[in-house]
Amino acid sequence: MVDTMQTWRDAAMATFRAVGLPHDRQEAWKYTDVSAIHQRMGADWRKENAPAAAPFLPEFYPKIDGLDAYTIIFFQGRIHVLGLALPAGVDLVPWSTMDQTTACEDLPKVQPDAPLFHAFDALNAGLMDDGVCLRVAAGVLLDKPLYILHLHDDTAHSHVRHRVHLGESSKASIIHHDVALTGEHARLRTSHYHCYLETASTLDHTRVQEFAANDWHFGRLHVEQQQASHFDAHAAELGGEKIRMDICVQLQQASAYCAVHGLFLLHDAQHVDHHIHINHYAPDCSSRQVYRSVLADHSHGVFNGKVHVHRHASGTDAEQHSDNLLLSKNAEIDTKPELEIDHDNVTCSHGATVGQLNADHLFYLRSRGLSEAMSRDILVFAFADALLAVLPDRHIRRYIESIAFNKIPHGTDLLGLLAK
Amino acid sequence: MLKIENLCASVAGKKILRGVNLHVKAGEVHAIMGPNGAGKSTLSNVLAGRDAYTVTTGTVLFHGQDLLAMKPEERAWAGVFLAFQYPVEIPGVNNTYLLKAALNAKRKHQGLSQLDAFDFLKMVKEKAKLVDMDESFLSRSVNEGFSGGEKKRNEIFQMAVLEPTLALLDETDSGLDIDALRVVAGGVNQFRSADRAIVMITHYQRLLDYIVPDVVHVFSDGRILKSGDRHLAMELEKRGYDWVKEEATHG
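These protein sequence lines are chains D and U, in that order. The working numbering puts the first residue of the first sequence at 1, with every later residue one more than the last. The working numbering puts the first residue of the second sequence at 1001, with every later residue one more than the last.
The hints are simulated quantities; they were obtained by calculation from the structure and are not laboratory data. These numbers come from a predicted model, not from an experiment. Glycine residues also receive a C-beta, built at the ideal position from the N, C-alpha and C atoms. A hint or two may mislead.
[Unchecked claim] Between beta-carbon pairs, the in silico distance windows are:
1. A373(D) <-> L1121(U): 21 to 31 Å
2. H343(D) <-> G1037(U): 45 to 55 Å
3. T1056(U) <-> S35(D): 30 to 40 Å
4. A36(D) <-> G1037(U): 25 to 35 Å
5. L141(D) <-> S1136(U): 50 to 60 Å
6. K1125(U) <-> A373(D): 25 to 35 Å
7. L1121(U) <-> A36(D): 25 to 35 Å
8. E1126(U) <-> L339(D): 31 to 41 Å
9. Q1114(U) <-> L141(D): 53 to 63 Å
[As the list claims (entries may be wrong)] The list that follows gives simulated cross-link-like pairs (lysine to aspartate or glutamate, DMTMM-like), each with its CA atoms no further than 20 Å apart:
10. K1129(U) <-> D1119(U)
11. K47(D) <-> D154(D)
12. K144(D) <-> E59(D)
13. K1071(U) <-> E1163(U)
14. K1003(U) <-> E1246(U)
15. K1100(U) <-> D65(D)
16. K1071(U) <-> E372(D)
17. K1151(U) <-> D232(D)
18. K144(D) <-> D65(D)
19. K1108(U) <-> D377(D)
20. K1129(U) <-> E1150(U)
21. K336(D) <-> E27(D)
22. K1071(U) <-> D377(D)
23. K1071(U) <-> D154(D)
24. K1226(U) <-> D1195(U)
25. K1108(U) <-> E372(D)
26. K1100(U) <-> D232(D)
[Said to hold, decoys possible] Listed below are several chain D residues computed to face chain U (Cβ distance under 8 Å; list not exhaustive):
27. R366
28. L370
29. F383
30. R398
31. E401
32. F405
33. N406
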């Protein structure tokens, strides 16, 4: 019998080998050097993980206080807890429980022609540990977020590949949370989301990333939107050593809306690179890119946001913002909003700022009696919090705030200072 | 309370203050008037500790302590408060919790326990009433989206909460309409007491109708040219500043 899944994986690996690793002579990889991958990730990073032994879940892992959600847990890329009572019309099936033929038909395809495609996406398909196929039927509104907790330890690399399909006028919110429980050995993590939004559907996608200090991650979020659909993405980049996200949004029909938000809170020698490509193919679509980064020590942030307005996309409304705070003279941000416009009737704006803390703000707070250190910290977090304030779930916001505040002295004193 | 002797200061190599002498006793209200660009705001900023200014000579003693050697926050803890001419907007920082953190920082410095949250909120609401400030402003970000008048009102509200012993009011009246001026002045008058002093910088005699000063100073070319009682302010209103300058040069 032909092993269809193995054939599917082999094809992906063949693409991976044919494309070759990205290198710094490619414009999109100018700032993110992956040449050290063999040294950093060990000899086995291109090898498939052995099938899981008896499923087990670590006893302790972080919980998000107050979060009311449908919870799914992955450990090392493999689904471990399922038994969810999802509402009617919501269908969630892991690839590992499907028959091979169905899985191979439904799995997100490797698309070498898609914008920002690179070898790691093919690798993700080839080495995939597991993932889910989520379908929300037309008209169904998911009443609580779907919380997908991805736990990792340093015994193996991990690769997840998810597919999300929202039927007409349906609504869902997904929270993707990566947590590394141990981090002695550097590991490679990859992830892929393929989201398809039918007419007038709404998807929120929140990603909170807490990988270990020497983990590398290559992720891809690919979104296709039909008429008047609404997509919101949020990312909080907190951990990891080298993180690359490629976000591609295809606005295929009229009056679709997407907003891509990203917050980088980096220290030491962390490197986070977000490349975004939004294609406006149809009239009257709007897109937003809102990024903020706080870079300490030797950390390095990269924001490259491209908007391409195609020939038939009249009435396009696109905005790009990238605001960056450098807390050290050794920190670096490379920010590049890009526009390619093939139509006259469009409104596109972009702005990027790079700076240190505002001296007038510092003096104002100090003149009221806050110490210099506390004034600095509160200004940094007020800057970052502007992006957390727009998160769809306030428990996630409080969780990210507490993670961020825990990294600094008297952080808990500061928590109350932020505007609600 | 405050003793300024021969204070000279410059910004980016440019001399702004050229020998200021000023003594303020507890319980007094001093008004500093003078033409634009005379250095009035520089004086208040130097006293509050803004580091853009370099003090070249002179001394400032506050309750006998060397004020110039202190950091801005230490000056605040010691009891100095500056109501800014242009209060900054600080998005994301909660107006009320800023005051709580400020009071707690001061209490920590004094070896006192932290404020009770309930008592603090009650006190804050009382003080907000004092300057007729809507409670909705308490939960907003510092000055964000406030009108010019609301920002000035917020400064006086902050002063009322922090209870300094020396308040420096830098053109607190500018940008206020007549009703707002009356309310803000009312807040300042309630603040007056035998152990507190106020130094207010203004262009207009109008403010002094509401907050009656004990001493009026004419400030020009980086120093005090003439001092008198409130009648001096009325004379300035009638005759302008030039005669004071002439008197100073020829007299």
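Cross-check of the supplied hints:
1. Restraint check, A373(D) to L1121(U): a C-beta distance of roughly 26 Å satisfies the suggested window 21 to 31 Å.
2. A hinted range of 45 to 55 Å for the beta carbons of H343(D) and G1037(U) is consistent with their spacing of about 52 Å.
3. Checked against the given bound of 30 to 40 Å, the beta carbons of T1056(U) and S35(D), roughly 56 Å apart, lie outside it.
4. Distance hint check: the CB atoms of A36(D) and G1037(U) are about 59 Å apart, inconsistent with the given range 25 to 35 Å.
5. For L141(D) paired with S1136(U), a C-beta distance near 33 Å fails the hint of 50 to 60 Å.
6. A beta carbon spacing of about 30 Å between K1125(U) and A373(D) agrees with the range 25 to 35 Å that was offered as a hint.
7. Our hint of 25 to 35 Å for L1121(U) and A36(D) is violated, since their Cβ atoms are close to 55 Å apart.
8. Judged by the Cβ atoms, the range 31 to 41 Å given for E1126(U) and L339(D) is violated: they are separated by roughly 54 Å.
9. Between Q1114(U) and L141(D), the C-beta spacing of about 45 Å breaks the proposed range 53 to 63 Å.
10. For the hint pairing K1129(U) with D1119(U), the CA-to-CA distance comes to about 16 Å; that is within 20 Å, so the pair holds.
11. Note on K47(D) and D154(D): the hinted pairing holds, with a Cα-Cα distance of about 15 Å set against a maximum of 20 Å.
12. Taking the CA atoms of K144(D) and E59(D), the gap is about 25 Å. The hint is violated against a cut of 20 Å.
13. Pair hint K1071(U) plus E1163(U) holds up; C-alpha atoms about 19 Å apart against a cutoff of 20 Å.
14. A distance of roughly 27 Å separates the Cα atoms of K1003(U) and E1246(U); the hinted pair therefore is violated under the 20 Å criterion.
15. As the CA atoms of K1100(U) and D65(D) are separated by approximately 26 Å, the hinted pair breaks the 20 Å bound.
16. Only pairs whose Cα atoms come within 20 Å are accepted, and K1071(U) paired with E372(D) is accepted, the gap being roughly 9 Å.
17. Between K1151(U) and D232(D) the alpha-carbon distance is near 35 Å, which puts this suggested pair outside the 20 Å criterion.
18. Distance check on the hinted pair: K144(D) and D65(D) sit about 15 Å apart at the alpha-carbon level, within 20 Å; holds.
19. Among the hinted pairs, K1108(U) with D377(D) is consistent with the structure: their alpha-carbon atoms are about 18 Å apart, no more than 20 Å.
20. This hinted pair checks out: K1129(U) and E1150(U) have alpha carbons roughly 14 Å apart, not beyond 20 Å.
21. Pair hint K336(D) plus E27(D) holds up; C-alpha atoms about 12 Å apart against a cutoff of 20 Å.
22. Between K1071(U) and D377(D) the CA atoms are separated by roughly 18 Å; this keeps the pair inside 20 Å, and the hint holds.
23. This hinted pair does not check out: K1071(U) and D154(D) have alpha carbons roughly 47 Å apart, beyond 20 Å.
24. Straight-line distance between C-alpha atoms of K1226(U) and D1195(U) comes to about 26 Å, which puts the hinted pair past the 20 Å bound.
25. Restraint check: the Cα-Cα separation between K1108(U) and E372(D) comes to about 15 Å, which is no more than 20 Å; the hinted pair holds.
26. For the hint pairing K1100(U) with D232(D), the CA-to-CA distance comes to about 36 Å; that exceeds 20 Å, so the pair is violated.
27. Because the beta carbon of R366(D) sits about 4 Å from the nearest beta carbon in chain U, less than 8 Å, this interface hint is met.
28. The criterion of a C-beta within 8 Å of any C-beta in chain U is met by L370(D), whose closest approach is roughly 6 Å, and the hint holds.
29. Interface hint at F383(D): satisfied, since its Cβ lies 7 Å from the closest Cβ of chain U, which is below the 8 Å cut-off.
30. Using the Cβ-Cβ criterion of 8 Å, the hint placing R398(D) at the interface with chain U is not satisfied: the shortest such distance is roughly 15 Å.
31. The restraint placing E401(D) at the interface with chain U is violated, with a minimum CB-CB distance near 11 Å, outside the 8 Å limit.
32. With 8 Å as the threshold, the beta carbon of F405(D) stays out of range of chain U, its nearest partner Cβ sitting at about 14 Å, so the hint is violated.
33. The beta carbon of N406(D) comes no nearer than 18 Å to any beta carbon in chain U, farther than 8 Å, and the hint placing it at the interface is violated.
Hint compliance for this structure: hints 3, 4, 5, 7, 8, 9, 12, 14, 15, 17, 23, 24, 26, 30, 31, 32, 33 are broken, all remaining hints hold.
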